[in-house]
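Participant: Assembly of the complex is requested from the two constituent chains, each provided in isolation within its own frame, with the hints serving as guidance.
So the sequences go chain by chain: A and B.
With our numbering, the residue at position 145 of the first sequence is 1015, and numbering never jumps.
With our numbering, the residue at position 173 of the second sequence is 297, and numbering never jumps.
Mixed in with the good hints, there may be bad ones.
Okay, derived cross-link-like pairs now, BS3-like style, lysine-lysine, Cα gap no bigger than 27 Å in a straight line [to be verified]:
#1 A/Lys997 / B/Lys225
#2 B/Lys220 / B/Lys230
#3 B/Lys220 / A/Lys1011
#4 A/Lys1011 / B/Lys225
#5 A/Lys1011 / B/Lys222
#6 A/Lys997 / B/Lys325
#7 A/Lys1011 / B/Lys245
#8 B/Lys234 / B/Lys222
#9 A/Lys980 / B/Lys180
#10 B/Lys225 / A/Lys980
#11 B/Lys222 / B/Lys269
According to the in silico footprint, chain B covers these stretches of chain A (three or more CB under 8 Å from chain B) [unchecked claim]:
#12 977-986
#13 989-1002
#14 1006-1016
Derived from the structure by calculation, the hints contain no laboratory data.
The beta carbon of each residue, even a glycine, is placed where N, CA and C say it ideally should be.
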Amino acid sequence: MFSILIEYQHLFLGGFLTTIKLLLSIMLVGIPFGVLLGVTGGRYSPIVSWFVSSLRFMTKVIPVLVLLFWLHFPLQAILGIVVDPFWTTVAALGVVNLIAVAFIIQSELKLLPVSYREAGITLGMTKGQIVRYIELPILMKRALPNVLLTQAAMLEYTLFASLISVPELFRVSQSINAMVYDPVSIYSLLVLFFVIILAPLHIFVTFYKKKNTIQYD
Amino acid sequence: MIKVKKLTKKYISIDGSEEGIIDISFDVNQGEVVCILGPSGSGKSTLLKVLSGLNKSDSGAIDFEDNATFGYVSQEYTLWPHLNVLENLVLAPCLKNKDKKSEIEKEAVKLLERFGLEKYKTSYPHDLSGGQKQRVALIRSLMVKPKILFLDEVTSSLDPELTRSILDLVRALASDGYTMLLVTHHIPFAKSIADRIFFLKSGKMIANESADDFFSNQNNIEIQSFVADITHNYKD
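If we strip away everything but chain B, and leave its shape as in the complex, we get (with noise of 0.2 Å):
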C-alpha cells in the first residue's frame, strides 16, 4: 500500500543541530498497523510529515498504491478555533462537494455518535477537554475517506485518563482496518496494537521488525533500554 524508497529529509532544528530522516526504505500492508518508536529527535514526526506532504523530502520516493487517500493527526490540537465541532468536521469535505451538504453532516453526526460525542456537536473547541479535542481532530481525519491515518503522537499533551479514551479510539480504527503509521510513547499501547514496528535513531531506522519479534526477541541493547525507560516514564 506504500512503498518508501531512501526518503531523505534534513533539516536544522532550533538548537542548531541537523535532524530529519536519512535514507529510509520500507513497505507497509493494506490494513497494517505500524508503530513509529524512538528517542526524540529521532526523526519520527518528520517521517510522517514527508509522508502526509506537510514536508517536502530532499530525496527518495514514496508510492502510494491506487491514489490512497490519508488522514493525519499531529500532536498539537488543531480543530479551528472559529468553527464548532460540526463545522470543523464538515469544512473540508463540503468544499469538495458542495451539493453533498447534508449527507456530510449526517455522515459527521454518525461518526460522533458512534464515539460519544454527539453531545459537543455545537460546541466550540475551546469547550472541550484536550482529549475530546484530540478525538474530534482525529474523527475529522476521517471524513476525507482516507485510506492510511498518520498519527504523530495523538496522547503526548494528555493526561493518562484522557489518554486511554484516544487509544481506543484509535484500536477502534484498527479494528476497521485502517492502515496505520502512529508515532506513540506509549508502549502498552504499541505492543497492543501493532503488527510491526519502525525504530529510529538520528533520522535513521534501525529496526523493522514485526511487534511481537521487536518486543519479545529483541537482542539490540539500545532499543531494549529505550523501551524499558520508555515504559516507566509512560505508565498509567
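Just chain A, with the same shape it has in the complex (with noise of 0.2 Å):
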C-alpha cells in the first residue's frame, strides 16, 4: 500500500493540496460570513433570520451533489460562462457551509437568555464587555463543535467535486487506479487519509462536548 503512495507520491500530493485549498477556501467563505448572517439573523434582523431559516432548509431538501451540478452546467449554460471547477465547487460548498454556519449561531443567540446580557447592563458593564466577556465565550463553548463538525462535512463534500474533475484526492486517488489497478491499497490510502483527518476532529469534538457543556436554566 504504502509502495503506491511513495512511487506515485507527487499525484497524491497534488491531489492532498487541491483538497486542503478547496476546504480551506470553503471555509474563508462559510465562517466569516456565516458568523457575521447569524449575528445578524439571531441579535438584529428578523428579515435576515427568516432568510437563514429557509435558505438552511433549501440546503437540507437540495443534495449538495445536485447544487454543485446545478451550478456547474445548467446555471453557466444559461449565463454563457465558463467557471473552473474548483471555484464553482467553492462557490457551492461555500454556500452550504456559509448557510450552516448561520443557522448554527443565529439558532444559538435565539437561545442565550436574555437575563445573561440584563445582569451585565445592571453591573455596569458596556455592551462590548457584555459581548466580549459573557455573550462570546458562551456562543462559542455551544457553537464551536457544531461549526468543527459543519467543517468536517465539508472536506467530507469535497469529494464530489471530483465529479466535476476537479483534481482533488478522490479524483487523484481514481486516476492512480486507472493506470495500476489496485483499488484496495489505494482506496485503503483514502481512508487512512480521511480517519487521519476527521476522527482527531470528532474525538476532539466529543471531549469539548463534555467538558465545555453549558446548560442554560
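Facilitator: Below, the structure written as C-alpha cells:
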C-alpha cells in the first residue's frame, strides 16, 4: 500500500493540496460570512433570520451534489460563462457552509437568555464588555462543536468535486487506480487519509462537548 | 433618595394585551425597604426594570439622589454559566478597576463567607441549587457597591426551604441599611421587612402606605382579598 504512496507521491500530494485548498476556501467563505449573517439574524433582523432559516431548509432538501452539478452545468450554460470547476465547488460548498454556520450561530444566539445580558447591564458593564466576556465565550462553547462538525462534513463533500473534474484527492486516487489497478491499496490510503484528519476532529469535539457543556437554566 | 414622577411605560404582552405602568409617582427615602405587591401583569416587574434602566420609560422622570448606584436581581437565574462563582462575582468590578483584582477577590470571598457560600467559590452555576444561585446573584449585585437594591421576585422559582435562605439574606441586607425596592408574593416576609408597601393594579399604583397601615388598617376590599389569597397560596 505504502509503495504506491511513495511511487505516486507527487500525484497524491497534488490531490491532497487541492483538497486542502478547496476546504480552506470553503471555510474562508463559510465561517466569517456565516458568523456575520448568523449574528445579524439572531440579534438584529428577523427578516435575515427568516432568510437564513429558509436557505437552511433549501440546503437540507437539495442534495449538495445536485446543487454542485446545477451550478456547474445548467447555470453556466444559462449565463453563457465557463467557471473553473475548482471555483464552482468553492461557490457551491462555500454557500452551503455559510448557511449552515449562520444557522448554528443564529440558533444559539436566540437560545442565549436575555437575562445574562441584563445582569451585565445592571452591573455596569458596557455592551462591548458583555459581548466579549459573556456572550461570545458562551456562544463559542455552545456553537464551536457544531461549526467544527460542519467543517468535517465540508471536507467529505469535497469528494463530490471529483465528479466535475477537480483534481482533488479522490479524483487523483481514481486516476492512479486507472493506471496501476490496485483499488485495495489506493482506496485504503484514502480511508487512512480521512481517518487521520477526521478521527481526531470528532474525538476533539466529543471531549470539548463533555468539558464545555453549558446548559441554560 | 429616589424620586419618581409620572412614570409611564406601556408594551404589548404576548397575549396581545397592553401592559406596563401608568403615571406612577413616589419617593423612596434612604434605607427604606419598599415591597411592591400586586396581581400578575400589574406592572411590578416593569417598574423595577424601568428604574434599573433595563427598559426605557415612555414618559416621566426618575431622580436618583447623588448618582446613587443600584443592583438588580431578577426572578430568573442570571449567573453566567461559563464562569465559576468567584469569577461571576468579580468580573464586572474588575473590568472597572483592573488594577484592584486581588482586593476585589478578597472582598468577594468575604461576602461569600458572610453568607455561608465560601465553599462554592470555585463551583459553576450548574453545580448549585436554585437557592444558592439566587444568593450568589444577590451577592454579585453587592459587588458593585450599590446603595439601592431592586429585587424582582427573587424567590419565585424556589421551594419554601430554599426561599427561607434567600429571605434571610435579604433581611440581613435590609439591616445593613440598603435602600430596597422588592417585588414579592411572600406576605409574611413583606410584613416582616417592609417599611412601606406599594400596591399596583393594571399598571397603576393604588396604594402607597406604610406597612403597618397597609396590613393592619386596610380598607380597600380588593387589596384585602388579594392579601388573603396570596397569603393562603404562599404559606410555607
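Participant: When the hints from earlier in the document are held up against this structure, which numbers fail?
Facilitator: Hints 6 and 10 are the ones this structure does not satisfy, whereas the remaining hints hold.
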